[in-house]
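Colleague: Let the sequences and hints guide you as you build the complete structure.
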Amino acid sequence: MRITASKGLLLRIAFGGIATVVAVFLLYLAGSVGLYDLDYPLSLLPPRGRALTTGLLATLGFMTVVMPLGFGLGFFFGWARTSKVWLGRAVATTYVELFRGMPPIVLIAFAVLITIVVFRGNDRIDLFAFASLAGVVALAAHSGAYQAEIIRAGILSVPTGQTEAAEAIGMSKATILRHVTLPQMFRVSLPALGNEFASLIKDTSLLSTIGGLELTFQGKNLSAVLAVGGGNLDLVIIIWVEIALLYFLITFVVSRTLQAVERRFRVPGLEAAQL
Amino acid sequence: MISVRNVHKWFGELHVLKGVSLDVKKGEALVIIGPSGSGKSTLLRCMNLLVSPDEGDILIDGVRVNDPKIRPEWVRQQVGMVFQSFNLFTHLTALQNVVIGLTKVKRLSSTEAERIARFELERVGLADKADAYPAQLSGGQQQRVAIGRALALNPKAVLFDEPTSALDPEYIREVLDVMTKLANEGMTMVVVTHEMGFAQNVGDRVLFMADGIVVEEGTPEEIFERPQQDRTKTFVGTILG
Numbered sequence: 008m009r010i011t012a013s014k015g016l017l018l019r020i021a022f023g024g025i026a027t028v029v030a031v032f033l034l035y036l037a038g039s040v041g042l043y044d045l046d047y048p049l050s051l052l053p054p055r056g057r058a059l060t061t062g063l064l065a066t067l068g069f070m071t072v073v074m075p076l077g078f079g080l081g082f083f084f085g086w087a088r089t090s091k092v093w094l095g096r097a098v099a100t101t102y103v104e105l106f107r108g109m110p111p112i113v114l115i116a117f118a119v120l121i122t123i124v125v126f127r128g129n130d131r132i133d134l135f136a137f138a139s140l141a142g143v144v145a146l147a148a149h150s151g152a153y154q155a156e157i158i159r160a161g162i163l164s165v166p167t168g169q170t171e172a173a174e175a176i177g178m179s180k181a182t183i184l185r186h187v188t189l190p191q192m193f194r195v196s197l198p199a200l201g202n203e204f205a206s207l208i209k210d211t212s213l214l215s216t217i218g219g220l221e222l223t224f225q226g227k228n229l230s231a232v233l234a235v236g237g238g239n240l241d242l243v244i245i246i247w248v249e250i251a252l253l254y255f256l257i258t259f260v261v262s263r264t265l266q267a268v269e270r271r272f273r274v275p276g277l278e279a280a281q282l
Numbered sequence: 098m099i100s101v102r103n104v105h106k107w108f109g110e111l112h113v114l115k116g117v118s119l120d121v122k123k124g125e126a127l128v129i130i131g132p133s134g135s136g137k138s139t140l141l142r143c144m145n146l147l148v149s150p151d152e153g154d155i156l157i158d159g160v161r162v163n164d165p166k167i168r169p170e171w172v173r174q175q176v177g178m179v180f181q182s183f184n185l186f187t188h189l190t191a192l193q194n195v196v197i198g199l200t201k202v203k204r205l206s207s208t209e210a211e212r213i214a215r216f217e218l219e220r221v222g223l224a225d226k227a228d229a230y231p232a233q234l235s236g237g238q239q240q241r242v243a244i245g246r247a248l249a250l251n252p253k254a255v256l257f258d259e260p261t262s263a264l265d266p267e268y269i270r271e272v273l274d275v276m277t278k279l280a281n282e283g284m285t286m287v288v289v290t291h292e293m294g295f296a297q298n299v300g301d302r303v304l305f306m307a308d309g310i311v312v313e314e315g316t317p318e319e320i321f322e323r324p325q326q327d328r329t330k331t332f333v334g335t336i337l338g
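Heads up: the sequence lines are chains A and B, in that order.
Okay, so the first sequence: first residue is 8 according to our numbering, each after it adds one.
Okay, so the second sequence: first residue is 98 according to our numbering, each after it adds one.
These are computed hints drawn from the structure, not numbers from a lab.
Remember, predicted model here, so these are calculated numbers, not experimental data.
Just so you know, not all the hints are guaranteed correct.
[Stated by the list, open to error] In silico SDA-like cross-links for lysine to any residue, where the CA-CA straight-line distance does not exceed 25 Å:
1. B:115 with B:103
2. A:180 with B:253
3. B:115 with B:133
4. A:227 with A:248
5. B:278 with B:317
6. B:278 with B:262
7. B:278 with B:216
8. B:330 with B:307
9. B:166 with A:179
10. B:203 with A:189
11. A:180 with A:197
12. B:166 with A:92
13. B:201 with A:271
14. A:91 with B:172
15. A:91 with B:170
16. B:226 with A:168
17. A:91 with A:190
18. A:91 with B:149
19. A:91 with A:193
20. A:91 with A:186
21. B:203 with A:171
22. B:330 with B:132
23. B:201 with A:183
24. B:201 with A:83
25. B:166 with B:151
26. B:203 with A:168
27. A:91 with B:107
[What the hints assert, rightly or not] A few chain B residues that don't get close to chain A, going by computed Cβ distances all over 10 Å:
28. 124
29. 160
30. 211
31. 282
32. 323
33. 328
Just so you know, even glycine gets a beta-carbon here, dropped at the ideal spot from N, CA and C.
Modeller: Structural data, given as structure tokens:
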């Protein structure tokens with residue numbers, strides 16, 4: 008494992024910056040040829056700014072819960088699916104099939120409804136907060152099912168000779184997992200995990216259906232307000248372009264971060280082409 | 098030092114070991130030969146409990162080790178193993194491959210572990226490759242690192258499972274040289290191999306296995322020049338041409 012050289016890091020940041028500038032330029036080019044009106048009323052700027060800021064913060068907030076929780080569930084159940092113990096495999100397989108087999112939006116709805124039914128009439132808790140939390144957990148569980156398979160693929164990619172050699176020098180099961188299997192499986196799993204994270208970031212938009220005040224919710228809300236106020240379609244387009252850009256930026260930062268992690272797990276002599 | 102007593106092993110319906118008994122004396126190099134599928138590898142794996150015998154006993158210095166009260170991890174520290182496909186940890190350098198057993202199994206400090214590991218790499222002639230990763234080493238070099246990894250734990254005996262079978266011909270010599278040196282230093286070794294030159298020159302005793310049983314055993318001269326059993330005669334005839 009090597010720490011990334013700072014020169015390479017600067018290059019990658021520069022590349023990201025250039026990509027963003029190009030994207031923004033293209034959008035304004037589209038505006039200048041009349042795809043939408045650039046001269047939107049400036050009076051609408053502050054409320055829109057506020058709405059998008061709260062939306063962005065909520066989306067980031069959901070991410071910070073859903074991503075680690077989804078990864079934790081994925082890691083645990085992915086590992087359990089490779090277990091030698093029958094019960095471990097059975098429970099993990101049931102989890103994966105169940106949560107992978109339903110649309111996340113249905114899972115979120117179920118989680119919220121069940122929470123409401125169970126805690127209805129209990130004055131000591133904030134029912135709305137509880138229901139929202141259940142929705143967030145349901146989304147994490149959905150992603151966890153996908154991540155479990157990614158982790159399982161990684162574990163299966165480590166040749167049995169590696170664990171056998173570790174056993175032969177007297178390593179315990181826990182030591183083998185920590186020092187032999189994990190470092191080798193992550194090398195294989197990280198690209199697919201990056202894919203899943205990118206998808207999950209955008210899936211947080213599904214939490215708008217249960218009143219999560221995140222980016223997509225704010226977009227829908229602003230659009231509705233503008234449509235009522237005389238139907239300023241140009242401004243609606245701009246809002247959605249801005250929301251798209253924000254999602255793009257978040258996803259870009261996360262996937263670049265994961266690629267930096269991937270570089271840390273690179274093994275000389277076994278590396279793929281430069282990222 | 099290592100005694101195998103009437104060991105049986107089944108893999109499902111397949112009866113791989115059908116009552117094998119043998120003794121490995123301290124300081125001797127015991128060579129096991131035999132056609133593939135005769136149970137040689139399984140027998141080796143029983144001796145360090147990578148495979149647990151279904152029947153019979155494994156004794157190390159008179160202590161029965163295939164006993165639920167004895168941790169197999171402990172047994173494996175006493176008996177090192179070298180594999181046909183090297184099985185070096187691909188994510189670690191040559192040095193780290195030798196260090197990891199010392200720090201994570203024997204719980205030595207990293208300075209002490211590194212000192213021992215560098216000594217072991219020196220012993221197998223690879224001091225200059227300490228920082229190379231397995232994928233950057235030739236097969237022969239990888240196998241020598243693997244021998245160093247086994248020796249670092251200071252085992253009572255080392256088991257070799259066809260250590261040169263996966264090697265290109267030009268790398269076989271360097272591995273056999275290291276093994277010969279070890280045998281001359283008095284290391285207790287059990288070697289499954291098809292290298293008849295090694296068996297004749299280095300082996301103190303040769304044991305011929307077929308179909309899960311020990312067919313014949315004796316000195317290299319007895320087995321290779323005056324085999325008694327028909328199956329031994331056929332096998333020896335085939336491999337010596």
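Colleague: Provide an ascending list of the numbers of those earlier hints which the structure does not satisfy.
Modeller: Hints that this structure does not satisfy do not exist here, as all of them hold.
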